[in-house]
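Taken in sequence, the protein lines are chains A and B. Per the UniProt record's numbering, the first sequence starts with residue 1, numbered consecutively. Per the UniProt record's numbering, the second sequence starts with residue 1, numbered consecutively.
Honestly, the hints are just simulated from the structure, not real lab data. Note that the coordinates shown come from a computational prediction; the quantities given were computed from them, not determined experimentally. Where is the CB? At the ideal position from N, CA and C, for every residue including glycine. Hints may be right or wrong, so weigh each one.
What the hints assert, rightly or not - Quick look at which bits of chain B chain A covers, simulated, 3 or more residues with Cβ under 8 Å: (1) 29-42; (2) 72-80; (3) 95-106; (4) 180-193; (5) 206-217.
Unchecked claim - Here are the simulated distance ranges between beta carbons: (6) Asn50/A <-> Arg87/B: 17 to 27 Å; (7) Asn102/A <-> Gln90/B: 41 to 51 Å; (8) Pro169/B <-> Trp312/A: 30 to 40 Å; (9) Lys81/B <-> Val191/A: 48 to 58 Å; (10) Phe29/B <-> Thr15/A: 27 to 37 Å; (11) Asp25/A <-> Phe217/B: 31 to 41 Å; (12) Pro169/B <-> Phe104/A: 28 to 38 Å; (13) Ala34/A <-> Arg134/B: 47 to 57 Å; (14) Lys162/B <-> Leu298/A: 51 to 61 Å; (15) Val32/B <-> Leu298/A: 35 to 45 Å; (16) Gln101/B <-> Leu322/A: 19 to 29 Å; (17) Arg134/B <-> Gly161/A: 11 to 21 Å.
Unchecked claim - Simulated crosslink set (DSS-like; lysine-lysine; CA at most 30 Å straight-line): (18) Lys122/B <-> Lys350/A; (19) Lys231/A <-> Lys23/A; (20) Lys23/B <-> Lys33/B; (21) Lys231/A <-> Lys10/A; (22) Lys203/B <-> Lys23/A; (23) Lys203/B <-> Lys139/B; (24) Lys33/B <-> Lys231/A; (25) Lys350/A <-> Lys173/B; (26) Lys173/B <-> Lys203/B; (27) Lys23/B <-> Lys23/A; (28) Lys231/A <-> Lys203/B; (29) Lys162/B <-> Lys173/B.
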Amino acid sequence: MFYREAGDFKTSYATDNQTFPIKFDRLGYFTVMAVAFLVIPFIINDYWANAIFLPFLIYAIAALGLNILVGYCGQVSLGTGGFMAVGAYACYKLMTSMPEVNIFFHVLISGGITGLVCVIFGLPSLRIKGFYLAVATLAAQFFLVWLFNRVPWFYNYSASGQINAPERTVFGIPVTGPNTEAWATYLFCLVFVVVSALIARNLTRGMAGRKWMAIRDMDIAAEIIGVNPLKAKISAFAVSGFFVGVSGALFFSVYLGAVEVGEAFGINKSFLVLFMIIIGGLGSIFGSFAGAAFLVLLPVVLKVVGVDWLGWPTDIVAHLQLVIVGGLIILFLILEPHGLAQLWRVTKQKLRLWPFPH
Amino acid sequence: MSTQESYVTDDGRTIGPTVMEMKNITLRFGGVKAITDISFDIREGEIRAIIGPNGAGKSSMLNVISGFYVPQEGEVWYKGKKRPPMRPYQVAEQGIARTFQNIALFEGMTVLDNVMTGRLRKMNASLISQAIWRGKAEKEEIENREAVEKIIDFLEIQAIRKTPVGRLPYGLKKRVELARALAAEPSILLLDEPMAGMNVEEKEDMSRFILDMNDEFGTTIALIEHDMGVVMDLSDRVVVMDYGKKIGDGTPDEVRNNQAVIDAYLGVAHD
């Protein structure tokens with residue numbers, strides 16, 4: 001009834017190109033932004049921040065990054081955990097060696113460094129595709145974790161081999177370290193998420209995104225019409241690496257505070273982010289958020305329902321979670337390969353006509 | 001035959017000097033000779049057809065022109081210069097666009113995005129500018145959208161602008177592919193069987209588009225086609241290939257009366 005494009009006439013290509021061409025979508029977007037910036041910071045507490053909002057926001061950035069590489073450019077990567085570790089360790093080295101620089105820039109530079117590393121490991125994509133590329137990036141995953149475990153320089157020769165985030169502030173308010181407040185860490189991550197999403201959206205609706213999708217859909221035809229496959233793939237790896245690095249840096253510095261690389265950034269992390277974009281929807285910005293929200297919320301909901309309400313033992317609920325995630329992935333691959341984003345699109349399509357049958 | 005002076009055809013189009021020349025091209029795949037010692041030229045503004053029975057090497061010839069295959073012998077001259085061996089995307093950068101026998105569109109993208117991809121040679125805003133969608137990127141996006149809309153109008157595909165290509169029927173996909181190639185404003189447009197698998201009306205539409213393109217934009221066109229009626233009607237000059245060799249070259253009338261061509265198509269009596 002309210003959700004329709006009829007009557008919303010576009011008179012310039014600029015308005016036709018905008019991110020949310022339908023008025024109702026724009027309103028929804030501004031509402032979400034207003035709630036995220038003006039309401040949640042005042043009601044958030046430590047539990048909500050640590051159990052839901054921080055992991056959701058941080059994984060959303062990682063999922064955006066991986067989605068650009070896998071969903072838009074069609075280059076499969078299983079190295080996300082390793083690349084997040086690059087972001088985390090880059091951030092740690094920057095925080096400890098240049099304490100006078102604002103943490104905000106540390107996170108950005110960590111993203112840049114990860115982008116470079118990602119490009120290096122992405123070079124084989126020029127020769128190999130599909131499964132073989134997946135295996136090559138898997139090698140990156142194991143190599144990077146090994147590197148951060150074995151070279152003491154990366155963890156500043158600490159006895160435990162862990163890295164710990166020292167306290168850093170933004171405008172005098174601590175966002176890392178032990179004395180942070182929920183709203184500050186939440187807002188800090190939110191800013192990165194919003195900017196990442198805007199950048200990802202702008203890149204994917206412009207020429208860069210078209211080149212990536214051309215490579216994904218038919219690489220030979222893309223080359224014939226003038227896409228330089230080297231540049232297109234490398235730029236996808238670089239942008240993807242940047243986002244994944246930012247998420248790794250935030251994951252370590254803001255969310256966990258202390259990290260042991262094999263545990264925090266192991267192969268499981270790579271799969272988790274990959275599952276997020278498969279369930280959420282490959283080649284969709286919204287899907288990255290939907291998938292991250294889904295896989296962050298699922299364990300929390302299961303725990304609340306299973307342990308708190310039904311009184312089941314914790315280990316059974318934990319195992320049940322693995323079963324459900326596995327089942328859902330198979331279900332999604334069979335029924336809706338385009339994920340939650342496609343369900344959302346179908347719903348919107350239906351809404352355009354509702355409540356009329358035709 | 002001198003090929004350098006411009007002349008005006010019967011229907012009033014000006015055919016310019018040679019824009020591309022193939023000199024003694026030989027292409028081998030292992031022991032198989034796909035193309036043997038073929039030379040021909042393409043002149044500015046003309047519609048040049050390449051015909052021949054199946055397996056004659058026509059598509060291979062087009063692949064040589066678009067840089068997909070590198071011939072073992074022979075030279076490709078383009079705009080008066082010898083072309084070094086180059087990758088297909090470099091050939092595209094020089095202004096040669098093509099369509100494929102089996103449609104090669106980007107199925108996951110909309111018609112508009114597919115055609116916009118054809119404009120990539122005209123758009124070179126930096127990644128940063130694209131990321132913030134300000135300045136050069138936004139300006140280019142709008143300017144090129146205008147150019148693309150003209151082509152969409154021209155090929156009468158306005159209604160399906162925002163439809164993902166994967167959902168379109170065959171005939172429309174062919175047209176979208178033509179739009180994408182045309183969007184590049186190519187110096188030479190290569191069409192590999194633009195009318196394969198079409199019914200009579202679709203063929204008529206496509207013929208009209210090809211003639212209009214040539215007429216309005218002055219696009220030089222080299223096309224491969226099996227429908228003899230279409231080829232003889234459309235083209236200014238025809239190259240005939242058989243078993244990788246050139247057996248005829250000239251105006252449709254000359255080719256039609258060429259004994260070697262008649263033999264290749266109708267067969268020779270063995271007594």
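So, going through the hints one by one against the coordinates:
Evaluation of the coverage hint for the segment 29-42 of chain B: breached, as 0 residues show C-beta separations to chain A shorter than 8 Å, against a requirement of three. Counting residues of the segment 72-80 of chain B whose CB lies closer than 8 Å to any CB of chain A gives 0, so the stated coverage by that chain is violated, three being the minimum. With 6 residues bearing a CB less than 8 Å from a CB of chain A, the segment 95-106 of chain B meets the requirement of three and the coverage assertion stands. Proximity of the segment 180-193 of chain B to chain A, defined as three or more residues with a beta carbon under 8 Å from a beta carbon of that chain, is established by the 3 residues found.
Coverage of the segment 206-217 of chain B by chain A is violated. Counting CB-CB distances below 8 Å, 0 residues qualify, and the rule asks for three or more. Separation of asparagine 50/A from arginine 87/B is about 51 Å and departs from the stated range, judged on CB atoms against 17 to 27 Å. For asparagine 102/A paired with glutamine 90/B, a C-beta distance near 44 Å keeps the hint of 41 to 51 Å intact. As the Cβ distance of proline 169/B to tryptophan 312/A is approximately 54 Å, the hint placing it in 30 to 40 Å is violated.
Between lysine 81/B and valine 191/A the beta carbon distance is about 53 Å. The supplied range of 48 to 58 Å therefore holds. Look at phenylalanine 29/B against threonine 15/A: about 52 Å separates their beta carbons, and that is not inside 27 to 37 Å. Checking the proposed 31 to 41 Å range against aspartate 25/A and phenylalanine 217/B shows it holds: the Cβ atoms sit about 38 Å from each other. For the hinted restraint 28 to 38 Å between proline 169/B and phenylalanine 104/A, the CB-CB distance of approximately 52 Å leaves it violated.
The beta-carbon spacing between alanine 34/A and arginine 134/B, approximately 24 Å, falls outside the hinted interval of 47 to 57 Å. For the pair lysine 162/B and leucine 298/A, the supplied restraint of 51 to 61 Å is violated, since their beta-carbon distance comes to about 34 Å. Evaluation of the 35 to 45 Å hint for valine 32/B and leucine 298/A yields a failure: the beta carbon distance comes to about 57 Å. Between glutamine 101/B and leucine 322/A the C-beta distance comes to about 49 Å, which lies outside the given range of 19 to 29 Å.
A beta carbon spacing of about 45 Å between arginine 134/B and glycine 161/A contradicts the range 11 to 21 Å that was offered as a hint. Using a Cα cut-off of 30 Å, the hinted pair lysine 122/B and lysine 350/A is violated, with the two alpha carbons roughly 38 Å apart. In summary, the hint linking lysine 231/A to lysine 23/A is not supported, as the alpha carbons are separated by about 36 Å, beyond the 30 Å threshold. For the suggested pair lysine 23/B and lysine 33/B, the alpha carbons sit about 16 Å apart, so the restraint of at most 30 Å is met.
The straight-line distance between the Cα atoms of lysine 231/A and lysine 10/A is roughly 34 Å, outside the 30 Å bound, and the hint therefore fails. Of the pairs offered as hints, the one joining lysine 203/B and lysine 23/A is violated, with about 42 Å between alpha carbons and a cut-off of 30 Å exceeded. With a C-alpha separation of about 37 Å, the suggested pair lysine 203/B and lysine 139/B falls outside the 30 Å cut-off, and the hint is violated. The straight-line distance between the Cα atoms of lysine 33/B and lysine 231/A is roughly 34 Å, outside the 30 Å bound, and the hint therefore fails.
For the hint linking lysine 350/A to lysine 173/B, the alpha-carbon distance of about 27 Å falls within 30 Å, and the restraint holds. The straight-line distance between the Cα atoms of lysine 173/B and lysine 203/B is roughly 14 Å, inside the 30 Å bound, and the hint therefore holds. A threshold of 30 Å between alpha carbons decides the hint, and for lysine 23/B with lysine 23/A the separation of about 59 Å lies outside it, so the pair is violated. For the hint linking lysine 231/A to lysine 203/B, the alpha-carbon distance of about 38 Å lies beyond 30 Å, and the restraint is violated.
Proximity of lysine 162/B to lysine 173/B is assessed by CA-CA distance (about 13 Å); at most 30 Å being required, the pair is judged to hold.
Violation of the numbered hints given earlier is confined to hints 1, 2, 5, 6, 8, 10, 12, 13, 14, 15, 16, 17, 18, 19, 21, 22, 23, 24, 27, 28; the remaining hints are satisfied by the structure.
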